[in-house]
Amino acid sequence: MSSTTEEIKSKLDIVDLISEYVKLSQAGKNWKGLCPFHNEKTPSFFISQERQYWHCFGCGEGGDIFTFIMKIEGLDFYQTLKLLAKKAGIELKPQNIQTTNLKNKLLDINELSKKFFHYLLQNSPRAENARRYLKQRNLDKKTIENFKLGYAPNSWDKLLNFLKLKGYNFEDIFKAGVIVKKDNRYYDRFRNRLVFPINNLHGQTVGFSARALDEQSGAKYINSPQTEIYNKSEILYGLDKAKNSARKKNEIILVEGQMDMVSSHQAGVDNVVATSGTALTEGQIKILKRYADNLLLAFDSDQAGEKAAKRGAEIGLSLGISVKVIKLLKGQDPDDCIRKNPNDWKKAIRKAEPFLEFYMEQAFMKFDLTNVEGKKSILNFMKILAVLPSKIEQDYYIKKLAQILHSDEECLREDLDSMKEKKSNVVEKDETTALLKKDGSLKLAEQIIALLLRYPKNMNCFKGNLNENIFIAPNLIEIYKKFFDFYKNQKIVQDSKKFINSLKERNEQLFYFCEELLLLAEKDFLDFDEEEIKKYIVEYLK
203 MSSTTEEIKS KLDIVDLISE YVKLSQAGKN WKGLCPFHNE KTPSFFISQE
253 RQYWHCFGCG EGGDIFTFIM KIEGLDFYQT LKLLAKKAGI ELKPQNIQTT
303 NLKNKLLDIN ELSKKFFHYL LQNSPRAENA RRYLKQRNLD KKTIENFKLG
353 YAPNSWDKLL NFLKLKGYNF EDIFKAGVIV KKDNRYYDRF RNRLVFPINN
403 LHGQTVGFSA RALDEQSGAK YINSPQTEIY NKSEILYGLD KAKNSARKKN
453 EIILVEGQMD MVSSHQAGVD NVVATSGTAL TEGQIKILKR YADNLLLAFD
503 SDQAGEKAAK RGAEIGLSLG ISVKVIKLLK GQDPDDCIRK NPNDWKKAIR
553 KAEPFLEFYM EQAFMKFDLT NVEGKKSILN FMKILAVLPS KIEQDYYIKK
603 LAQILHSDEE CLREDLDSMK EKKSNVVEKD ETTALLKKDG SLKLAEQIIA
653 LLLRYPKNMN CFKGNLNENI FIAPNLIEIY KKFFDFYKNQ KIVQDSKKFI
703 NSLKERNEQL FYFCEELLLL AEKDFLDFDE EEIKKYIVEY LK
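The opening position of the sequence shown corresponds to residue 203 in the numbering used here, with each subsequent residue numbered one higher.
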């Protein structure tokens with residue numbers, strides 16, 4: 203097993219992998235970003251590309267690519283092994299992995315269902331109505347193939363029977379969300395519908411959204427239920443395909459429907475994701491923030507669309523994201539706009555308006571500001587201002603609002619401060635309360651050992667000058683003693699790689715602690731030159 207994991211590690215770069223989840227910036231030869239495992243405003247999450255190791259100095263989490271994926275995806279080791287092996291292009295032998303795990307089964311069932319639907323769309327005579335619909339929508343074969351669009355036949359058990367022939371039982375197929383159980387009977391969930399597979403960030407199919415092809419089929423859209431592998435509050439349609447483009451452009455566009463998203467990608471605007479008809483959540487917006495600082499909203503102009511856009515904007519603004527609105531002609535959605543003229547869609551994106559400007563324009567023009575509805579719109583606007591992290595932005599809009607209302611700026615600021623105070627009095631459970639708080643002496647001791655490991659050529663400064671009693675943590679004493687024992691016959695040590703690697707087989711816990719200390723030294727002493735490092739050590743030893 204170890205040879206398999208090492209082979210995977212050799213083919214996958216930790217920075218490339220983690221950057222799919224965390225927006226990273228370079229910090230010397232390392233990388234840093236906001237930790238995805240606890241709430242923070244200043245980056246304490248660091249990655250060493252050289253050592254292929256990550257560590258958060260805020261919450262204490264750390265490890266390699268396996269521990270990161272296990273934690274962020276909530277997977278066990280074997281699921282992580284399977285996922286990373288696929289990403290690395292390594293075929294696992296049967297003895298390498300347990301295939302009986304429920305999540306793996308559900309992923310396999312959804313993958314087979316996707317292939318079943320896609321094959322029927324391309325080959326079945328009964329899918330002619332679906333193919334005709336896609337043609338009317340101007341979707342070409344390349345796009346249909348890229349998104350693996352499919353057709354669910356007008357049958358109660360075609361998919362069910364197909365999956366049974368593949369060896370899956372009723373209960374597992376039901377847990378995958380592709381069939382329905384009623385009165386102890388099972389039947390296909392999707393019938394006579396155009397099917398959009400919904401993928402997770404790794405491109406694995408976790409659910410489906412299916413559009414009716416005639417009026418007799420009931421609801422316009424039917425979606426997979428929440429399952430063991432499909433968390434509706436976190437998944438956004440198409441993010442697996444849009445994330446790289448979003449990161450490059452530092453901009454992500456959020457639309458309402460799958461067809462809006464697919465059409466946009468076909469038109470060459472590929473940093474677009476869709477909500478798939480579910481209510482926007484803070485979790486989804488936080489995921490989008492990993493890839494871009496700028497969020498553009500293109501929702502329908504009806505009441506439901508405006509409500510969804512307002513919610514998305516409020517969450518985004520509170521998280522420090524720049525939010526804009528893409529304005530389309532009344533009654534148009536992005537798909538309509540693209541089918542009419544793709545260049546109009548691109549032009550609308552370029553002309554996107556800051557959300558607060560848009561909100562003021564829409565809300566204050568729509569209502570008489572002296573009546574109940576008008577005052578309510580002002581109150582709602584103030585509530586949005588209250589969540590803005592930037593005081594400069596708040597000040598700008600307070601001045602603008604004062605001009606519109608012919609009101610006193612100070613009065614408006616008092617109202618705003620009052621809203622902030624009420625908000626801060628609400629006790630919320632925050633992950634940061636569980637973080638380990640270190641006292642100054644422990645942190646200083648860690649820094650000294652970190653400097654010893656990172657700049658071992660200064661080891662002679664330590665010999666005979668350091669009282670071991672300062673190391674209140676046993677693991678620091680152990681590293682200190684082992685280090686000098688390892689290099690007892692050497693006068694000058696250029697780097698400590700050999701020492702640290704020697705710990706890997708004998709004491710893995712100590713090995714990973716040394717990796718953390720190396721990152722600590724590189725983080726805290728990033729701008730120090732060699733003379734400053736030596737001076738710091740000498741000052742400390744006094």
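Because the hints were derived from the structure by calculation, they are not lab data.
Small disclaimer: the values here were computed from a predicted structure and weren't measured.
It is possible that some hints are incorrect.
[Unchecked claim] Once the Cα atoms are required to be at most 27 Å apart in a straight line, the calculated BS3-like pairs of lysine-lysine come out as:
#	residue 1	residue 2
1	K450	K289
2	K243	K288
3	K706	K488
[Said to hold, decoys possible] Taking CB as the label site, the calculated pair distances span:
#	residue 1	residue 2	range
4	N446	K243	48 to 56 Å
5	F239	N677	47 to 55 Å
6	E417	E275	47 to 55 Å
7	E330	K578	49 to 57 Å
8	E275	Q564	22 to 30 Å
9	K288	K645	21 to 29 Å
10	F713	S592	51 to 59 Å
11	E209	F239	47 to 55 Å
12	E209	N545	26 to 34 Å
13	Q564	D215	41 to 49 Å
Backbone N, C-alpha and C define an ideal beta-carbon position, used for all residues, glycine too.
These are the hints, each one checked on the structure:
1. K450 x K289: Distance ~21 Å between K450 and K289 Cα, so the pair holds.
2. K243 x K288: Since the Cα atoms of K243 and K288 sit roughly 34 Å apart, the hinted pair is violated (cutoff 27 Å).
3. K706 x K488: Violated, at about 36 Å.
4. N446 x K243: 48 to 56 Å: The hint (48 to 56 Å, Cβ to Cβ) is violated, given that N446 and K243 are roughly 26 Å apart.
5. F239 x N677: 47 to 55 Å: At 22 Å between Cβs, range violated.
6. E417 x E275: 47 to 55 Å: With a Cβ separation near 40 Å, E417 and E275 fall outside 47 to 55 Å, so the hint is violated.
7. E330 x K578: 49 to 57 Å: 51 Å, holds
8. E275 x Q564: 22 to 30 Å: Distance hint for E275, Q564 is violated at roughly 39 Å.
9. K288 x K645: 21 to 29 Å: Violated, since K288 and K645 (Cβ atoms, about 41 Å apart) do not stay within the stated range.
10. F713 x S592: 51 to 59 Å: 43 Å, violated
11. E209 x F239: 47 to 55 Å: At roughly 27 Å between Cβ atoms, F239 and E209 fall outside 47 to 55 Å, so the hint is violated.
12. E209 x N545: 26 to 34 Å: Taking Cβ atoms as reference, E209 and N545 lie about 48 Å apart, which means the hint is violated.
13. Q564 x D215: 41 to 49 Å: 46 Å, holds
Hint violations for this structure: numbers 2, 3, 4, 5, 6, 8, 9, 10, 11 and 12, all remaining hints satisfied.
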